[in-house]
Structures are given as C-alpha cells and as structure tokens.
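S.K.: Please build the complex by placing chains Y and L on the supplied structure of chain V, with the hints as guidance.
Chains as they are written, first to last, in the numbering used here: chain V, 1 to 976; chain Y, 1001 to 1244; chain L, 2001 to 2311.
Any given hint might turn out to be false.
[Stated by the list, open to error] Mimicking DSSO-like on lysine-lysine, the simulated pairs with C-alpha atoms at most 27 angstroms apart in a straight line are: (1) 2234/L <-> 2247/L; (2) 2234/L <-> 857/V; (3) 62/V <-> 98/V; (4) 971/V <-> 464/V; (5) 97/V <-> 883/V; (6) 971/V <-> 62/V; (7) 556/V <-> 910/V; (8) 404/V <-> 1219/Y; (9) 2234/L <-> 883/V; (10) 910/V <-> 563/V; (11) 97/V <-> 62/V; (12) 971/V <-> 59/V; (13) 733/V <-> 758/V; (14) 2137/L <-> 2234/L; (15) 1219/Y <-> 220/V; (16) 971/V <-> 98/V; (17) 857/V <-> 2243/L; (18) 2243/L <-> 933/V; (19) 404/V <-> 733/V; (20) 266/V <-> 1219/Y; (21) 933/V <-> 830/V.
[Claimed, not checked] Beyond 12 angstroms from chain V on every Cβ pair, some chain Y residues (computed): (22) 1004; (23) 1006; (24) 1036; (25) 1037; (26) 1049; (27) 1091; (28) 1150; (29) 1154; (30) 1174; (31) 1191; (32) 1193; (33) 1194; (34) 1198; (35) 1202.
Bear in mind the hints are in silico, worked out from the structure with no lab data behind them.
Built from N, CA and C at the ideal position, the CB exists for glycine as well.
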Amino acid sequence: MSHGAPRGANSAPSQRPLADTRAPDEGDGVDTSPGVSDRIAKTTCYMCACRCGIDVHIKDGKVRYINGNKDHPVNRGVICGKGSAGIMQHYSPARLKKPLLRSGPRGSGEFREIEWEEAFSIATERLSAIRRSDPKKLAFFTGRDQSQSLTGWWASQFGTPNFAAHGGFCSVNMAAGGLYTIGGSFWEFGEPDWDNTKYFMLFGVAEDHDSNPIKIGLGKLKARGAKVVSINPCRTGYNAIADDWIGIRPGTDGLFVLALVHELLKAGRVDLDYLLRYTNAHVLVIQEPGAADDGLFVRDAAGHPLAWDRVAKTTVRAADPNAKPALTGSHTVNGRRCVPVFQLLADRYLNDSYSPDAVAGRCGVSADTIRRIAAELAHVAFEQAIELPVAWTDWAGRRHETIKGRPISMHAMRGISAHSNGFHTCRAIHLLQVLLGTVDVPGGFRFKPPYPRPAPPGPKPAGKDVRPMTPLEGMPLGFVCGPDDLLVDGAGTPTRIDKAYSWEAPLAAHGLMHSVIRNAWAGDPYPIDTLLMYMSNMAWNSSMNTVETIRMLTDKDASGDYKIPFIIYSDAYYSETVPFADLVLPDTTYLERHDCISLLDRPISHADGPGDAIRHPVVEPDRDVRPFQSVMIELGARLGLPGFVNADGLAKYRDYADYIVNHERTPGIGPLAGWRGKDGSSIGRGEANPDQLQRYIDNGGFWHHDFSADQRYYKMGNRAYLDFAAEMGFIAKAEPIVFQLYSEPMQRFRLAARGHGKVQPPAAERGRIEAYMDPLPFWYAPFEEDAVDLEQYPLHALTQRPMHMYHSWGSQNAWLRQITSQNRLFVHAKTAADLGLVDDDWVWIESVNGRVKGQIKLVDGVNPDTVWTWNAIGKRRGSWGLKDDAAESNRGFLLNHIIGDQTAADASGKRYSNSDPVTGQAAWFDVRVRIVKCAAEEAGFTEPQFERFREPPRFQPSPDMLQFGAEFRMKREAAE
Amino acid sequence: MTCLPAQTDKKLGLVIDLDTCVGCQACVTACKEWNTGGHMAPLTDIDPYGGHVDGVWFNRVHAYEHTTEMGGRTVNFPRSCLHCETPACVTVCPTGASYKRASDGIVLVDEDKCIGCKLCSWACPYGAREFDTQVGVMKKCTLCVDRIYNDNLAEEDRVPACVAACPTSARHFGDLGDPASAVSQLVTARGGVDLMPELGYRPTNKYLPPRAHTERAAKVPAPALEPVRAEGGFLGWIDRMLSN
Amino acid sequence: MHPAFSVVFFTTATGAGYGLLALLGVLGGLGFVEPDFWLGLVGMGLALGLIAAGLLSSAGHLGRPERAWRAFSQWRSSWLSREGVSSVATFIPAGLFGIGWVFLGRSGGWVAVAGLLAAVGAVATVCTTGMIYASLKPIAQWHSRFTLPGYLIFSAMTGGVLFNALLQGFGGGSRAVLAFALVLTLLGWGWKLATWRHNDELEIPTTANTATGLAGGTVRSLEWPHTEENYLLKEMGFRIARKHSAKLRRITQALAFALPALLLAGAFVLTWPAAAVLSVIAALLQLAGMLVERWLFFAEAKHTVTLYYGR
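This is chain V alone, in the form it adopts within the complex (with noise of 0.2 angstroms):
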C-alpha cells in the first residue's frame, strides 16, 4: 500500500475534489447537501469473489446506497460495476424464502413450503443414517463458498472426504501450478508489484478475479506509462488497453512463454544469483534410469538436498550459504551420475522445439513478436533493475543494504487454467518468472502472506480411512507429495467419488466439483446417497454438458428411484439447480449474514501485510431464510458432530458469529487473526477475544497488519518476514521457501508409474502418468484438439465473464442484465467472411458434444481462429425471476451445451473427466467447434430450449417497473 499519498475519493490520490467545495451561490434553487443517510455500515462485499470493503448507506431502513471503502485494502475506496448494484441483488424477487420440500418430479420446480424444523429434521434424520453406515455417501460441495474453512472441517467432522468447493472447475490449475513451484499464486496468494513494475505481462486473464486490485494496478501502471503487455486470443476489458496485445491461440500459453525462457537461456539473460539463493536449480538431479529413485535429488542423510561445490568439488547442502554450487555438468556422487537441475533445465529448453521459429505457428505469433519479447523482457529485468532503499536480512543472516529488483509482473488466470495443459503452463509462467529473478522482488511479482508456503505446502489430504461415527484425521483438501498419499484403495480405485488424490487426477488440491455428479450418478466409484450443495449453479452454468448433467439429475433406476437418491441444496436465489433440490434450504443476501474472510480460507491479505474480515448483518431479512453456514454449525450440532457440541452434547456454537470468534483450529488460531486475546491486543495468535466482532465492525469490518519496510520483499528469504510467519502460524518454521523448478514429488508419480514403490498406479493409467507427471514444465496440445478431427471443428470456443456479471448471478440484477442480457458469439470478422457470415447472423456452434444456437458478432480483435462468448447470460425460462420473454432465455445461449464432461475414449474405451491430467481442473477452454449458418426460420431464438420451471410457493411476479429511490427523495423533499 501506498503511505502518505494524499488522501483522495478513492485509490487514486488524483481523484481529489475540489479546492473549495462550498456551494456557490446559484440562486436554482438545488439542495446540494442532501442528507445521504442515518447510518453507514462497513461490510465486506460478495458480488463477485473479490471482497472489497464497502459503505452501506442505510435510509429509512433501506439501502440507499453502497459505495467502496476508503481505508480497505482491497479496493481503497473503489467499487466495481457489480458492487454498487449491489442493491438491486439484495432485493431481487428471485431470493428464496422459505424452505421447500420437493412436491413434484425432480427439475420441475413443484415445491411446498415448510418449516425449518421441518427441514432440519429432514436432514438430520437423513445425514445421521450416512454417518452410522458409511460417511463417503455423503458427498458435499459447496461451490463459490467463501467459508470453505468451516464447510472443510465440517465435513471433516462428518467423517467424509467427498468434499470441494468450486476450485476444480476454476483455477485450480493456477493455485497448484504455483503452489507447487513458488508456494504461492496469483491472485489470492499473490499479486504484481503495481507501485514499481515497469513491465507487466497478463496472461488469459478475462474480466474477473482480483477485480478491483488488477483495475487499481492497471491504472497506476497507466498512470506512469508502464509497458502493459497481454497475451490473450481476445482484445477486450484489460487486454483493451494493453500497449501489446498478442492474440495467441488458446492454449498455447505454455509453448509462447518455454519460447521466451529458450531465448532467454540462449541469450544467457537469466538472473544466475537469483536462482542460486532461492531455488533448486543447483540441487542434484540422479541420473539413474530404470532406479528407482531415478529423478529424486541426492540428499544427505538427514534427508537435504544437496548440490555440487564447484570449488570443493564435492557434494554440499544445497542450502548451505557458503557453498559454491554448481548449475551445469554431470556430476558422480556415491558411484551415480547426477546433474544440477538446472542442467536439466538447459537441456530442455534450449532444444530447437521450443525456438521461437518453431513454435510460431503453433501459437498464432510471429517468431519476431517472441523474440521482441523475450528481449523486452530481458532489457526491463537487467537493464532496468531497481533498488529500493531499505536494509533487510535474508534467512542466512546476509544483510543487504538495498533491496534489488527486476520490475517485471506477470499475471494469469483462467485462459491459462482452463485447458487440460494449464497445469504445466502455469508451472511454465513461474518458471519464467523466477529465471528473470522477479518473484517477490521490488517491481516484480509478490507473494500476500499467509504465502509463501513450502511448495507444495502441507498438510496432506485427509480420507484414506473413512470409518462410521468417526472424523477423518485431517482435512479433505490438501497437497500430495507422491504416490502415497493419494486417495486410492489397493486396486487403484479412487476413494472419493470425484476421483480427485487419484491416479485420473493425482494433485487435484481444490476436488472436481465438475464430476460429482456423473460419478454419482454412475456410481462410479460408488453410489452416494445424499449430494449436499451449496451456491453452485450445478444444473445449468457450473457444470460442461448441461444437457447430460440435467438427465444424470433426474434419471432413476430401475426400481423408479432417483439415482442421485437425496440432494440437499442451499442458495439466496430460485437458480437452475433449486428445482433439482429435494429439500431447500434458503440462504440470506450477503448483506444480511455473518462471514469471514479467513487467512485460513482464500484470504485478501496485500503484499504489504496480511489481513481479514468480516461480513455482518446490516438489514435483517424480510423472509424465512437463514444463513447457510449458521445452518451447518446448528446441522452439526444435531448431528452430534465431535467439534460441533460440549461433552454434554449440547451446541457448542450459537450460530456462525459465535463460530468465528470462539473456534480455534489450533490453540490460540481461529477464523480471525485481528484483535485476538481477551483484551484484543494480540494478532494470529491469542485467546478468543469476545468483542472481536464488534472491534472488526469499529474498524471498517477488517483488519490488516501493515509489515515494516523490510519485511516487505524476498519474503522466501526474508529472515524477517520468516520469523514473523512462524509467529503467526503461517509457516510451520522459520525457513527458507525453495522455489521448486524441477518438481520432485511430480517424479515420484513417474517413478511409480515406472514400477517402483508400494503404491503403483492401475497398467492402464501408467502411460497418462508417466506422459504427464513430468518434472519439468512442457507442452502439448490440449485433449480435445488430438481427439476431434480439425479440419471438421477448425475453431476454438472461448467463453469470458463480462466484468459486470459474476457468474449467473448478474441476470436477476435489474441493473447489471440491462448492460447485457443476450450474449453474442464474437467471430472474426475474415473468418466470418471466409464462412459467408454477416453481422447479426444467427448460427449453429457446433462441437462433437452438441450443438448450441446463438447470434454472431463480427469483431477483429480476437485471434481468428477463436470464437467466443459472454459466459453464464443463457437461462432458463423460469428461473432466477425473470420474465418469459427475458432476452436471456430466448436469444442468450450457454456454451456449456456443447462442452464435453468426458474426454474422447482412449484405445481401451475409457472416458477421463474433460480435466488436465494432473490436478483435475475442468478444461472448459479446450472445446473446438464449427459454425454453420441457421435455416431462416431457425433464426431468432436460442435453441435447445428446455421446459419452463414452475416458480416456488408464495413467489410474486417481478414487477413491470422500478423506480428505486423515488422514496428516499420524496421523504428528503417532504422534510424540506
């Protein structure tokens, strides 16, 4: 953050008033000092998962307006599109009301109302059973939760490892690909360095994640005329104003950036010291083959890591500040041959199938663009380096008088994570990040405590031993680090039913969501009894082959009973999915809850200090609802949950408010770090505090700690930051973060897919290992382009959230639907000539998984092999308070049609989830399609069309006509 700046209306100290804002004397009779409102309550907003800070102007009881909070280090006073239509979400006539029972068949919207006993009772009667049987066939996924630290551990408690949220289908491809490189990512875990890059690189990063702080970041870099490059098959929101746009072809992110790091190499334009203190690029590799400890590092007894001693030459800890590693060579310890993996590196990258010339065409961008990059890059980093003026220690107890930077940043997001090879492109983007030496450097990219972790960080995924009435010994979530600690019984068959920790998606750290509910459907691993879901719109906009998922929803066996037998489905909104819910249960709007926002969860902490918050009630509902995580800690109560009641089998916590100020994950660690203590005065860690809430609401509704200037970078190796890490139970100890450019718990799938060790992967799945569990970053083309015949399907489809949308949520917002209420499939304006198509033409879009109808948009700033399309505008009638006529429902369409689940059979016949290989995440971006002009009469209308839902009980028509506000101003002007 930025100290003593001026004060401004926002993040940006230019946006001042003016000098004198005393009215003048216009004698027209205007008010211009309105009354704004009685009271303003500062909360955390949750129109998109960014969580800014904001100003509830309350009137008369009523919302009148929300703007951004001035002092929050999210957003420093400002508020996107979505949040200040916020209003018009709170009030939407979609929200739910009350809890329902299924009355009709499945999907069709026939529900009655009843009470929450009713419903709890239900539930509990339902749950109870599971637990006393057999845990796993509860199967909860909570989708865009924000609380996954409570739903985790309750679902730990309940003693099942089927559990995710919504990370699967997102970017779990961008949190493990940096997780297990760096120990940190962007977005939550990191960000760009936006006071001092000179040089920023966006890579497939549409408008959404991090909204504000990559809108406040662009705009400083804007305002000093820093070089902002993006790398994106589509020219729009940031990409727009990018001094360099390169529209690559989808999914050869990985190739163009293994391009820069060969020129780089070649060039001999990497930061050789960088790479020596904070990464294993001079630990030894074994050189081995058919060992089985081929590809491990050599370490000592004590189980280090060692490196070569050019001096010495000998064998060194590779951790040891005086020795004199070596970063090339072959190198013979104990009689084998062993290489510096940096050797390795070389090797690679410097082979002429990652030239510039090479990879070309392959990726859409002219070998001069690659090499200008490369050289811009190398210019900015060696030429241009910085230093800040501060002293600091590093973890070896060197002090430097300076902090050193190369002012390059990179982002990326979703274009790079949604294909079935983002995983190794997001290792890619590291890899190129910390050879430039520019990871947690002034200028470069920075790491937001409570990162960075180990890579991979601990702790391990819990659910190998799933036993009745009992609680799994840790965490469904986590990281493996081999063969080992996957979730596979001994025949390889998967223990969750998402087959995430399995050898089809072995470091799946955030679940697959996207294959609840085919496997559960299948009973593949097993059948379940009761899917669980909270705030994931399953059945329509979250799931690939919509059409397939609905039928899975509602299909029955053949004694007539559903296969899915029980879903239990909590949402504030009448979405798609609530009709497929056998029990309801209504959740509140954001403004009307407790939350939150945990450094145990996905946290909002700044490079310059950690930091949480809250959410609290600012209006009370007006409806039967209640706040889903209050409904989980009173479920895990009546279930008598071990963590959920006291010995004497009473509710331990009231509701959630009680939860997050009185639970403590490990003595003294709770939900929330600020004002810990019985008097409020510790941080991370200390007592329960009982005001805590009330002192987080005095201060704005978060806390933050600001670290000092030296803390402030290298945080890897920042002596520092290391001890304060510790302290706040960050890291486990104070050590040094080894940035893992060769990842060996990667080779440890390789070794066992090679026969080695206890745990050995199925013969089928041994090639997929062995392919993709490499080591070293590399590229191949994504699935779906090996399996589909090109010349058939010549196009990518590409979808992207507009930055006033977040999901499906934006269409019941009478504001945000008006900016855009029919989505346009975007084609190039040459290949819709080539095809004979015009501006306005309705069309089929064609993959081998179906075909979907909408209306073109011709436009040039898109790589002209790629179509592509607002996301999540598409509904269906009936849902979400619309009317019938709705733009979306008759012209919007939803690309998730036609994108496959299922990956094409191999040779043997077996269909993998449409994921990457290596963590699971949904490859929503790979899909190829064809485009073929619609009949005339077939014009006008989005096909395929599905039955309307019935809406619930009690639920009023939208109304014809808003005028929000008229109120406020008819009081004001009563008054007068």
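M.R.: Just chains Y and L, lined up with the frame of chain V:
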C-alpha cells in the same frame, strides 16, 4: 432561463482517459445507484426483468474497435453529459427547465418546469439526455451536484459518484476553466480532445485518446538478444559467470 | 429520427392549416374572396381545426402536457417556445378575422387588418416550426438551407390546394387560384426533389471518429452499453432501409405532387362540378402524400447520437 450565461465562474467537468478505461461499468452503476436516489430520483427502469427492459441511465459505456494503418485497438468509451459551454439542449428548451449554471457551468434540468417535449434530446448531439417515460420529464447527468458540495459527505468524497467508483482512475473531475487545475494539465499533457468539435457545442468534458500505436505509447528500447558468445556455449557462459 | 405520428401529423396539419389561414386572411380580408357564411365557416373551421388538431397532437407528444403553458416563457432563445407563442398569438387575429368575415360577413377595415395579422402570424408560426428543425445541428438533413423554405413552401402549397378545393367546392373557384395551387404543387415537388438530392449527397463532417475523438482509420461499434433498445435509440435511432425509403419517396411524389398536379391540371380544363371534384381529391391526396413526406422527413433524418451505436 434557457439563455446561456455569458460566461461561467468555473467550468466543472470530467476528463475521461480512453487509454485506461477497461469498460468495467463501475462508473455506470455507481452513477445509477447514486442518482436513482439523488437529485433527479428516480431513474426509472421499465420492464426490469423482462424482454424489453429500458432504464434511465446518465452514463453509458460503449465498446468500439478503432483500426488505423498502425494497428487496431478496442476502446471502451464512457458517454455522459459533457456540460457544454454552448449547449443547444439548453437554448432549445421552451420552458426554462434546462439551464446552465452561471457559477460552475453544470447543465441541469429543473424537473418541475419540464414538459417532456424531448426537444433537448434532439438538440444534444451526444445522447446525454434521458427521458423518464414514467415521470414524463427529461433527466440527465447532474455532475453529482448533490455530491460535490455536499456537507454531509467527507470532504474527500465530494466528487461525482462515477469518479469515486472508477477502479482504474480513468475518470478525473475538476475545473477545466482553470488552466492550473490538475484536470487542465492532464488534458494538455495527454492531448485531450473535444467530441464533435465541428458542431461548436464546446464541450467541457475532455477525452484522452488511447496511446497504443501512437508516439505516446509505452516503449521498451530493447536491443535484439544475441546468443552468448562464450566457449562452450550457454553452459560455458554459466560456468564463467559463476566463477566470477 | 423516430417518425412519431403525433409530430408527423402535427407539422403536416398545422402547415396546411396555417397556409389556408394565411390565404383566407389575406384574400378574404382584402375582399378578393367575398364573405360567405358557409364558405367562411368551413374554410376557417378547416384552417383552425387543422391547426388546433395539430397542436393538440403535439401536446399529446409531451410527457407532462398539463405544464404546456410553461412553453411560452423562453421565446428569447427557443424556437419551440416562439412557435408556441406565435401559434397562440395567431389565434387572436384569426379569431377576430373569423368573426368579422364569417359571422359579420365583412371584409376590409379591421377585418382586413385582422386577416393580414392572422396571415403574418401563420407565416411566422410556420417559420418557427421550420426553424425548430433547421436549427438542430445534430441532424444534418434538417440543419440545412432547404428546411425553412421547405416548411413555408409546403405550408403554402397544402394551404393553396386546400383553398382551391374549398373555393371549388363552394363553386367559387377561379383559374387564378387553380394556377396558384398547381404552381405551388410543382414548386413543392421541385423543392422536395432538390432537398432529397441535397441530403443524398450530404457529406456530414461528423463521423464516428469525431464522435469518439478517435482520429483516423475506422471506428466500429463492438458493443452497445445495453442489450435492448433505450430511449435514445427508440427516439433517434430509427433506421429505414434504402429500398423502403425509395419506395416511400415514389409514393410521396405520386400522392403529394404528381397526382394533385394532374388533377389540378384536369380541373383547369374542366368545369364545375368536375373541377371541384378533382380539386377536392387533389387536396385529400396531397394531404395524405404530405403525411408520407413528413414521415420520411423524420425517418431519413440521422441524428449524430446514432454514430455512437454504429448506426
């Protein structure tokens, strides 16, 4: 009074940076949210959940593709009242409802006088006027006249809602009549332009053109990379570097 | 521009009404047309009826018609206000003239003065109407030297043809009036053709480039700010296909000019009652044709705001 003031004490307006605007719609909904309860409340939405939704908005963001021989760029373009110095929307008004303030140059509509003839919207080349069919009067951007002088807001918050919201700082507010003001200097430094200058409305708001493909574009003067010329190639170079 | 029926009807009806009023006022007041109760009643009724209907129709176009009185206040700057003042003011001499000429059966003297003042008021009102459109810079097709004369010519033409039909209908037609109507119809035709030609060749300096300040090259609309049509598009974004427009131009020419001219020429050679029948048909056809002309006047006018929407 629809005759224009001979001159105004201040020329309050906005400077919009097209080089920085990402088209996020933050200014659009912030404006809607403030103003639907503000001076011109409400900003009526007709058929808000149906197929012919049509609301009153004072600020709308377009997206264009600008293509020259130097290359192409996508341009996000916020459009709102420019508070012109010679606004025909004011002079055509038959009732005196439209007026330009002599003090700060803000163009306003006095709703109580408006008969809803819509002629001002015809006279505005920029589409800045928004008719509220439900109330039957013309509405428009007030430059947040109920914020910029509002004693009930903290001093630093007294800027238009769109400016306070803008996450990229692509919107700037100030006195464009004062050559020393930050906004005037920004306009000079970045070559700010008027929209449709040929029509002679003399808009107060200025737009800063995108810099890509122009001399103002950010550049890195990087020489082409040369392969290392050391004995033993790249690996030889490494060894030499490490032994230094 | 959206060709709202209220405005199309208003300008056409008041144009004809004021034209007729001016002719009645001058020729009746000065005694060139002898006072005749039924002729006067029908003629003045028609003129004032057209004017009143037009004004009512335009008031129906208002969002708040009950405040219409406010429109008289800003005559110093606003052509619309001037039109309001002028139109209402014209009712006074027109009313006096009507009383004198129709009910008292007098001409000359104060009736002539009232008639002449009514004529002046009629011309002035038509001028203000023309200027409302001619003064609008955002609409190049209107902001032209053709607009004001056009309004005057069409007012005189429709008024003249009506006047002729009126006289013919009451058996008091004359070749001079027929010739006057015919010549004005031909003049109107010529003026309309010249206007269309001018508009078709118009080089409008305002483009998507100047509208956005993006210099050079092309500026293409990629996305509107809102999916559905808004007020601006409904009011000013009207588009008419070239084919459709050409067809309507032919209809205009036939109904408003060619057929009336032929009929009037026919009336010229025929005698009463055939001449009267032709004259009345000519007037009716021309009014219908002028409604189409006025519809096109709006439909073919392109407002600069459409540039923002890529139209």
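S.K.: Each hint needs a verdict: does it hold in this structure or not?
M.R.: Status of each hint after checking the structure:
Note on residue 2234/L and residue 2247/L: the hinted pairing holds, with a Cα-Cα distance of about 23 angstroms set against a maximum of 27 angstroms. Simply put, residue 2234/L and residue 857/V have alpha-carbon atoms about 21 angstroms apart, close enough for the 27 angstroms limit, and the pair holds. With a CA separation close to 21 angstroms, the supplied pair residue 62/V and residue 98/V stays within the 27 angstroms bound. Between the alpha carbons of residue 971/V and residue 464/V the distance comes to roughly 63 angstroms, so the proposed pair goes past 27 angstroms and is violated.
Straight-line distance between C-alpha atoms of residue 97/V and residue 883/V comes to about 19 angstroms, which keeps the hinted pair within the 27 angstroms bound. With a CA separation close to 13 angstroms, the supplied pair residue 971/V and residue 62/V stays within the 27 angstroms bound. Under the criterion of a C-alpha separation no larger than 27 angstroms, the hint pairing residue 556/V with residue 910/V is consistent with the structure, at around 24 angstroms. Pair hint residue 404/V plus residue 1219/Y holds up; C-alpha atoms about 23 angstroms apart against a cutoff of 27 angstroms.
The straight-line distance between the Cα atoms of residue 2234/L and residue 883/V is roughly 22 angstroms, inside the 27 angstroms bound, and the hint therefore holds. As the CA atoms of residue 910/V and residue 563/V are separated by approximately 22 angstroms, the hinted pair is consistent with the 27 angstroms bound. A threshold of 27 angstroms between alpha carbons decides the hint, and for residue 97/V with residue 62/V the separation of about 18 angstroms falls inside it, so the pair holds. With a CA separation close to 10 angstroms, the supplied pair residue 971/V and residue 59/V stays within the 27 angstroms bound.
Of the supplied pair hints, the one linking residue 733/V and residue 758/V is violated, its CA atoms being roughly 30 angstroms apart against a limit of 27 angstroms. Straight-line distance between C-alpha atoms of residue 2137/L and residue 2234/L comes to about 20 angstroms, which keeps the hinted pair within the 27 angstroms bound. The suggested pairing of residue 1219/Y with residue 220/V holds, with an alpha-carbon distance near 17 angstroms, which does not exceed 27 angstroms. With a C-alpha separation of about 32 angstroms, the suggested pairing of residue 971/V with residue 98/V is violated against the 27 angstroms cut-off.
With a C-alpha separation of about 24 angstroms, the suggested pairing of residue 857/V with residue 2243/L holds against the 27 angstroms cut-off. Restraint check: the Cα-Cα separation between residue 2243/L and residue 933/V comes to about 25 angstroms, which is no more than 27 angstroms; the hinted pair holds. Note on residue 404/V and residue 733/V: the hinted pairing holds, with a Cα-Cα distance of about 26 angstroms set against a maximum of 27 angstroms. Distance restraint check for residue 266/V and residue 1219/Y: the Cα-Cα separation of roughly 24 angstroms lies within the 27 angstroms cut-off, and the hinted pair is therefore satisfied.
Between residue 933/V and residue 830/V the alpha-carbon distance is near 15 angstroms, which keeps this suggested pair within the 27 angstroms criterion. For residue 1004/Y, the non-interface assignment is confirmed: its Cβ lies about 14 angstroms from the closest Cβ of chain V, beyond the 12 angstroms cut-off. Separation of residue 1006/Y from chain V is adequate, the least Cβ-Cβ distance of about 15 angstroms exceeding the 12 angstroms criterion. The Cβ of residue 1036/Y does not lie farther than 12 angstroms from every Cβ of chain V; its closest approach is about 4 angstroms, which violates its non-interface assignment.
Residue-level check failed: residue 1037/Y sits 3 angstroms from the nearest beta carbon of chain V, not beyond 12 angstroms. Taking the minimum C-beta to C-beta distance to chain V, about 4 angstroms, the non-interface status of residue 1049/Y is violated against the 12 angstroms cut. Every CB of chain V is more than 12 angstroms from the CB of residue 1091/Y (nearest about 17 angstroms), matching its label as outside the interface. Against chain V, the non-interface label of residue 1150/Y is violated: not every CB pair exceeds 12 angstroms, the least being about 5 angstroms.
A beta-carbon of chain V is positioned within 12 angstroms of the beta-carbon of residue 1154/Y; the least distance is around 9 angstroms. The Cβ of residue 1174/Y sits about 7 angstroms from the closest Cβ of chain V, inside the 12 angstroms cut-off, so the non-interface label is violated. Residue placement check: residue 1191/Y keeps its beta carbon more than 12 angstroms from all beta carbons of chain V (closest about 14 angstroms). Here residue 1193/Y stays apart from chain V, with its beta-carbon at least about 18 angstroms from theirs, past the 12 angstroms limit.
Separation of residue 1194/Y from chain V is adequate, the least Cβ-Cβ distance of about 22 angstroms exceeding the 12 angstroms criterion. With a closest Cβ-Cβ approach of about 27 angstroms to chain V, residue 1198/Y is found to remain outside the 12 angstroms limit, as its non-interface label requires. Look at residue 1202/Y: its CB is around 21 angstroms from the nearest CB on chain V, clear of 12 angstroms, so calling it non-interface holds up.
Of the hints listed earlier, those the structure fails to meet are numbers 4, 13, 16, 24, 25, 26, 28, 29, 30, in rising order.
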